[in-house]
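Peer 1: Residue numbers (this note's numbering), protein chains in the order written: chain H, 20 to 420; chain B, 20 to 420.
It is possible that part of the hints are untrue.
To give an idea of the interface, some chain H residues facing chain B are shown, with a C-beta separation under 10 Å as derived from the structure [said to hold, decoys possible]:
no., residue
1, G30
2, K40
3, G42
4, G51
5, E87
6, V107
7, R111
8, R117
9, G120
10, V123
11, A127
12, V145
13, R244
14, T264
15, I267
16, W325
Pairs of lysine to aspartate or glutamate residues, derived as DMTMM-like cross-links and limited to a Cα-Cα distance of at most 25 Å, are as follows [unchecked claim]:
no., chain 1, residue 1, chain 2, residue 2
17, H, K241, H, D135
18, H, K40, B, E36
19, H, K114, B, E260
DEER-style ranges, computed between Cβ atoms [what the hints assert, rightly or not]:
no., chain 1, residue 1, chain 2, residue 2, range
20, H, D203, B, G97, 29 to 35 Å
21, H, D254, B, E148, 36 to 42 Å
22, B, A257, H, P333, 14 to 20 Å
23, H, G392, B, E56, 32 to 38 Å
24, H, K151, B, T250, 55 to 61 Å
25, B, N149, H, E148, 48 to 54 Å
26, H, Q388, B, K40, 41 to 47 Å
27, H, R309, B, T23, 32 to 38 Å
28, B, G59, H, K151, 44 to 50 Å
29, B, Q180, H, R232, 40 to 46 Å
30, H, G307, B, R253, 37 to 43 Å
31, H, K151, B, E56, 47 to 53 Å
32, H, P52, B, E201, 53 to 59 Å
33, H, P52, B, G97, 50 to 56 Å
These are calculated hints, taken from the structure and not from any lab test.
Note that the Cβ used here is the ideal one computed from N, Cα and C, for glycine as well.
What follows is each chain in one-letter form.
Number of protein chains: 2
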Amino acid sequence: VSDTVQLRIPGPTPLPETVRKAGSRQMVNHRGPEFKELLGRVTASMKKAFRTDAEVLILTSSGTGALEAAVVNTLSPGDSVLSVNIGVFGDRFAKICRAYGADVTTLAVEHGKAADPSEVGAQLRVMAENGKPATAVLVTFNETSTGVTNPLQEIAREIHQQAPDALLLVDAVSGLGAIPLEMDAWGLDVVTTGSQKSWMVPPGLAMVALSPRAWAAVERSKMPRFYFDLTLHRDALAKGETPWTPAISVAFGLDEGLRLIEAEGYPAIFARHAACAAAARAGLRALGIRLLADPEVASNTVTSAWLPVGTEWPALTRACRARGLVLAGGQGPLTGKIFRVGHLGSVSTNDMVRCMEILEDAMTELGLQVEPGAGARAAAEAARSATNGATEREPVFATPA
Amino acid sequence: VSDTVQLRIPGPTPLPETVRKAGSRQMVNHRGPEFKELLGRVTASMKKAFRTDAEVLILTSSGTGALEAAVVNTLSPGDSVLSVNIGVFGDRFAKICRAYGADVTTLAVEHGKAADPSEVGAQLRVMAENGKPATAVLVTFNETSTGVTNPLQEIAREIHQQAPDALLLVDAVSGLGAIPLEMDAWGLDVVTTGSQKSWMVPPGLAMVALSPRAWAAVERSKMPRFYFDLTLHRDALAKGETPWTPAISVAFGLDEGLRLIEAEGYPAIFARHAACAAAARAGLRALGIRLLADPEVASNTVTSAWLPVGTEWPALTRACRARGLVLAGGQGPLTGKIFRVGHLGSVSTNDMVRCMEILEDAMTELGLQVEPGAGARAAAEAARSATNGATEREPVFATPA
Numbered sequence: 020v021s022d023t024v025q026l027r028i029p030g031p032t033p034l035p036e037t038v039r040k041a042g043s044r045q046m047v048n049h050r051g052p053e054f055k056e057l058l059g060r061v062t063a064s065m066k067k068a069f070r071t072d073a074e075v076l077i078l079t080s081s082g083t084g085a086l087e088a089a090v091v092n093t094l095s096p097g098d099s100v101l102s103v104n105i106g107v108f109g110d111r112f113a114k115i116c117r118a119y120g121a122d123v124t125t126l127a128v129e130h131g132k133a134a135d136p137s138e139v140g141a142q143l144r145v146m147a148e149n150g151k152p153a154t155a156v157l158v159t160f161n162e163t164s165t166g167v168t169n170p171l172q173e174i175a176r177e178i179h180q181q182a183p184d185a186l187l188l189v190d191a192v193s194g195l196g197a198i199p200l201e202m203d204a205w206g207l208d209v210v211t212t213g214s215q216k217s218w219m220v221p222p223g224l225a226m227v228a229l230s231p232r233a234w235a236a237v238e239r240s241k242m243p244r245f246y247f248d249l250t251l252h253r254d255a256l257a258k259g260e261t262p263w264t265p266a267i268s269v270a271f272g273l274d275e276g277l278r279l280i281e282a283e284g285y286p287a288i289f290a291r292h293a294a295c296a297a298a299a300r301a302g303l304r305a306l307g308i309r310l311l312a313d314p315e316v317a318s319n320t321v322t323s324a325w326l327p328v329g330t331e332w333p334a335l336t337r338a339c340r341a342r343g344l345v346l347a348g349g350q351g352p353l354t355g356k357i358f359r360v361g362h363l364g365s366v367s368t369n370d371m372v373r374c375m376e377i378l379e380d381a382m383t384e385l386g387l388q389v390e391p392g393a394g395a396r397a398a399a400e401a402a403r404s405a406t407n408g409a410t411e412r413e414p415v416f417a418t419p420a
Numbered sequence: 020v021s022d023t024v025q026l027r028i029p030g031p032t033p034l035p036e037t038v039r040k041a042g043s044r045q046m047v048n049h050r051g052p053e054f055k056e057l058l059g060r061v062t063a064s065m066k067k068a069f070r071t072d073a074e075v076l077i078l079t080s081s082g083t084g085a086l087e088a089a090v091v092n093t094l095s096p097g098d099s100v101l102s103v104n105i106g107v108f109g110d111r112f113a114k115i116c117r118a119y120g121a122d123v124t125t126l127a128v129e130h131g132k133a134a135d136p137s138e139v140g141a142q143l144r145v146m147a148e149n150g151k152p153a154t155a156v157l158v159t160f161n162e163t164s165t166g167v168t169n170p171l172q173e174i175a176r177e178i179h180q181q182a183p184d185a186l187l188l189v190d191a192v193s194g195l196g197a198i199p200l201e202m203d204a205w206g207l208d209v210v211t212t213g214s215q216k217s218w219m220v221p222p223g224l225a226m227v228a229l230s231p232r233a234w235a236a237v238e239r240s241k242m243p244r245f246y247f248d249l250t251l252h253r254d255a256l257a258k259g260e261t262p263w264t265p266a267i268s269v270a271f272g273l274d275e276g277l278r279l280i281e282a283e284g285y286p287a288i289f290a291r292h293a294a295c296a297a298a299a300r301a302g303l304r305a306l307g308i309r310l311l312a313d314p315e316v317a318s319n320t321v322t323s324a325w326l327p328v329g330t331e332w333p334a335l336t337r338a339c340r341a342r343g344l345v346l347a348g349g350q351g352p353l354t355g356k357i358f359r360v361g362h363l364g365s366v367s368t369n370d371m372v373r374c375m376e377i378l379e380d381a382m383t384e385l386g387l388q389v390e391p392g393a394g395a396r397a398a399a400e401a402a403r404s405a406t407n408g409a410t411e412r413e414p415v416f417a418t419p420a
């Protein structure tokens, strides 16, 4: 049944057929030659995705585990940390720091907005003036809970100018691989992602890379760690292994997901996500739905929208599910206020058109006034215009039928 | 190719066909009704496996992550801890405690032996007399690195007598589900396992359960934690969720693995593992190989053996691999000295006979003197005698062809 479902949440994302098949392979010894070869291939491909010369370490955890690894390997209790918080995942990053004893200052941004680089810089100056200059700055690349992408390159530039010694720890879980990010060129110190996002693979693996500066910080760091001790991961990788038994079937899938990704190529993938996002935004607006995110910074991987007036989330999701469309609800303070449409990983603009057709149907059942066909038409039009009128080239991988 | 391989390592264990198929299902929303239903089913089944009324929490990590969870949720920096250490995994449990600031006293046992309950009791008395009574005792149920099963019930009884307030944290990763263990009846406070062991599922999920006494300790515990914060896991489970995105495809597999296990029944599973272990030990001895583990306490899930004199592990594993048999090498101080035969999860006594045939062939290639057919004959005979001469009933799940 779930094979015919439009899974339009910002992760886990739908699996291409060949990824599912790869994930069903028989087990191998994770300390043997087959896994060593796979790990070498996957980490080499990930370095290209991260745009870095640093090693990319593969952890068996969700993306949150990679965020914890970023924190506990580079910081010490009492360290002054600036958290640039634009939503639930920014909040989570800060909570991890606090759990391990860091002194966190929060720059909270209104939901739906991105962080203003100059405000980040100003906050860093204030912290320095108050005698607690930031040891690290936490930034979310793409905030899944609000559907906003931060201007990461500009924020990074500002941080490097105002606090050249501060490490920049980036939650890139739901953006990397779908939206351009340059780890080395932008001077990002720790970058994290998770298998169930743009990589089109089941959840279970998380990826993290550290700049040379971040590795130097690891030597000084005094937060306790074991499972997420990245020094152990780095040493094991040098032998073609992971320190603990890895999620092998997810790694099989990741190997195949990366093969599909490299065949399509990142420029095409970035353009496809931009076209899907344009289609989602135009389609929702044409259905009379108000978007949450500032259009200037709206995410290319997830679109957040206010629930139509008088519509409750449980009723909307039930009506959509009954028609084979799975959307995401709001998180944290936005629970019951917004809903979200994921367009990340194995997704085409045709999926977006279909999504609007189903949503229109569901809204009609709930008694909402909708102009027939308007959502799907607007989505198709936006997709055409995003792809310059060219007939959309379907991605090289098959989306679920 | 790997489908025809005899994967005879102590985890990951071979996957039954239906587990592979289940693991290749399309993704679902981990915050939706399908996953909630699955999580309810899996945790209910796990409670029966753990023999406990406590909730069994499902973590996305290797078994090592569950060990870390056991430690950081119940202890505080400076706590006095007794580590009953009979091998590499006992050592790892102690390292986790030290990484988080516990004061660890080690009771080290010679490799191949089990811990003596009275020595554990004596050590606890010494610690109390020295003014640092143990807050917790770490015990490995089944030590994968040496192939030894500790007399856990007797050790638990001794601990409860000598140090009634000490928590008993148990690494049951490679034993639970294959060798009888009674969490509640034996008074175990924290019990852990991992999906890639007796559960016949890929690695990626770990399970942990806490006694009411252990949950009370969680309230007092001051070690920092976030990803492995079990209070967050318990609260999420009450809503039918996990706090972070779980390894969904592994959970699909676990659901199917547990269905197969309940269909076979634990008494039959325990007997099958005992018969496979008897076959492995008899077969290896008949090949002229000396076993590491004391026969009184030799594990039913993994058999450890000394490398034949003059034989190097790389040569042995290469010769076996060329014939479709994957064995495990030694770990830690036993690297290059022993090898290990896993018989855990989806395994039959026929697999053990086949394993001895291949091993004989490999040994002959390496120039070792072996009596033709002796290993396989002895394995078959031991299996017959373990099953009281009855024709072995094949397990209900299909082992890989």
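Peer 1: Each hint needs a verdict: does it hold in this structure or not?
Peer 2: The hints, checked one at a time:
no. : hint                        : result
1   : G30                         : holds (7 Å)
2   : K40                         : holds (7 Å)
3   : G42                         : holds (6 Å)
4   : G51                         : holds (7 Å)
5   : E87                         : holds (5 Å)
6   : V107                        : violated (12 Å)
7   : R111                        : holds (9 Å)
8   : R117                        : holds (9 Å)
9   : G120                        : holds (6 Å)
10  : V123                        : violated (13 Å)
11  : A127                        : violated (20 Å)
12  : V145                        : violated (27 Å)
13  : R244                        : holds (7 Å)
14  : T264                        : holds (4 Å)
15  : I267                        : holds (5 Å)
16  : W325                        : violated (20 Å)
17  : H:K241 / H:D135             : violated (32 Å)
18  : H:K40 / B:E36               : holds (13 Å)
19  : H:K114 / B:E260             : holds (20 Å)
20  : H:D203 / B:G97: 29 to 35 Å  : violated (42 Å)
21  : H:D254 / B:E148: 36 to 42 Å : holds (40 Å)
22  : B:A257 / H:P333: 14 to 20 Å : holds (19 Å)
23  : H:G392 / B:E56: 32 to 38 Å  : holds (36 Å)
24  : H:K151 / B:T250: 55 to 61 Å : violated (30 Å)
25  : B:N149 / H:E148: 48 to 54 Å : holds (51 Å)
26  : H:Q388 / B:K40: 41 to 47 Å  : holds (45 Å)
27  : H:R309 / B:T23: 32 to 38 Å  : violated (58 Å)
28  : B:G59 / H:K151: 44 to 50 Å  : holds (47 Å)
29  : B:Q180 / H:R232: 40 to 46 Å : violated (54 Å)
30  : H:G307 / B:R253: 37 to 43 Å : holds (42 Å)
31  : H:K151 / B:E56: 47 to 53 Å  : holds (49 Å)
32  : H:P52 / B:E201: 53 to 59 Å  : violated (40 Å)
33  : H:P52 / B:G97: 50 to 56 Å   : violated (44 Å)
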